[in-house]
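J.: Could you put together the complete structure from these sequences and hints?
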Amino acid sequence: MSLNFSGYATEIVRSGIEAVPRSQIEAGHSLGFTRLQIFRHIIVFPALRTVYPALASQFVLLMLGSSIVAAISAEELTAVTNTLQSTTFRAFEFYFVATGIYLLMALGARLLLHAIYWAVFERGRPIERAWSR
Amino acid sequence: MSRDFDWPEFLFLLGALRWTDRAVADCASSAAASAASCSPSRARRRTRSCAGSRATYIGVMQGTPVLMQLFLAYYGLAVLTGIRIDPWPAVTLAFTMYAAAFLGRDLARRDPGDPAAAVGGGAGASARAGRRSCVT
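Residue numbers (our numbering), protein chains in the order written: chain P, 1 to 133; chain V, 1 to 136.
The set of hints was computed from the structure by calculation and includes no laboratory data. Don't take every hint at face value.
[To be verified] Cβ-to-Cβ under 10 Å is the rule here; a few derived chain V residues that face chain P:
#: 1; residue: S49
#: 2; residue: V60
#: 3; residue: Q62
#: 4; residue: L72
These numbers come from a predicted model, not from an experiment. Idealized CB from N, CA, C, for every residue including glycine.
T.: Put into C-alpha cells, the structure is as follows:
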C-alpha cells in the first residue's frame, strides 16, 4: 500500500511542482534568495498547497483501499465483517454497518485534512488566504 | 495433492479473462455511467435541495469502499426488495453508481477549475482552482 500510494503521490506532487511558474523562481533569484530558500519557499510550499486537495483525496482513498487487505488475511474491519456475516448469514446488516463505519472514518479524515490545510496554509497568512479564494 | 502451475492452468487463467472483459464492458464503457453522472452534475444547477442530494450522493459513494458498495448492491437489494439478482447485474449497478459519483463530481466543479480543465490547464491548474469545492 505504501508503494502504491507513493506512486500516485509522486505524480501529484510532480504536477504541483511543474505548476510553479518559472518566473517566480527567477524572481526569487533576483531578490537574492539562496537555492535552498527558493526550493523551500517558492517551489515546495506553493506546490504542496496547489496539490493539497488531490493529495488529501489520495489519503482518503488509501484509507478506503485498506478494505482489500482482508485478501491476504490481515484482520481489519472488512475481514471481521466477512467472518461475522459468514457465521450469522446476516450479510446485508453487517455490510451496511461496516459501510457506515467507513463513511464516518472518511468524513473524519476529511475534516482532519481540512483542518491541517487551514493550520498549515491559511492560519496567519491573510494574503495567501485572499489569493487562494 | 496439489497441482503444479503449468500451461493448462495458465490457459484457465486466460479463459477467465472473458469474465473480466465482460465486467469492463459492462461498467466502464456503459453509457449508463456517463448518463447517470449527468444527473448529479446537473443537480447543482437547479435547487438547493438538488445540490444537497448531489453532494450527499457523491460524499457517500466516495466515502465508502467500492467493495462495500458491491456487497450492498448484491445482498442489500435482495434484503430490501426481496428480489435476488445475479452477481453480474449487481456488479454493473454498483460500478455504475461508483463511476457516476466520480464523473459527477468532476463535471460539477463550480469554480474556475471548469475553464482551466476545458482549455487543458492540467492537473495543477485544475487542482488549484478546485481547491475549495473539493476539500479532500
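J.: Checking each numbered hint in turn, tell me which of them this model violates, lowest number first.
T.: 1
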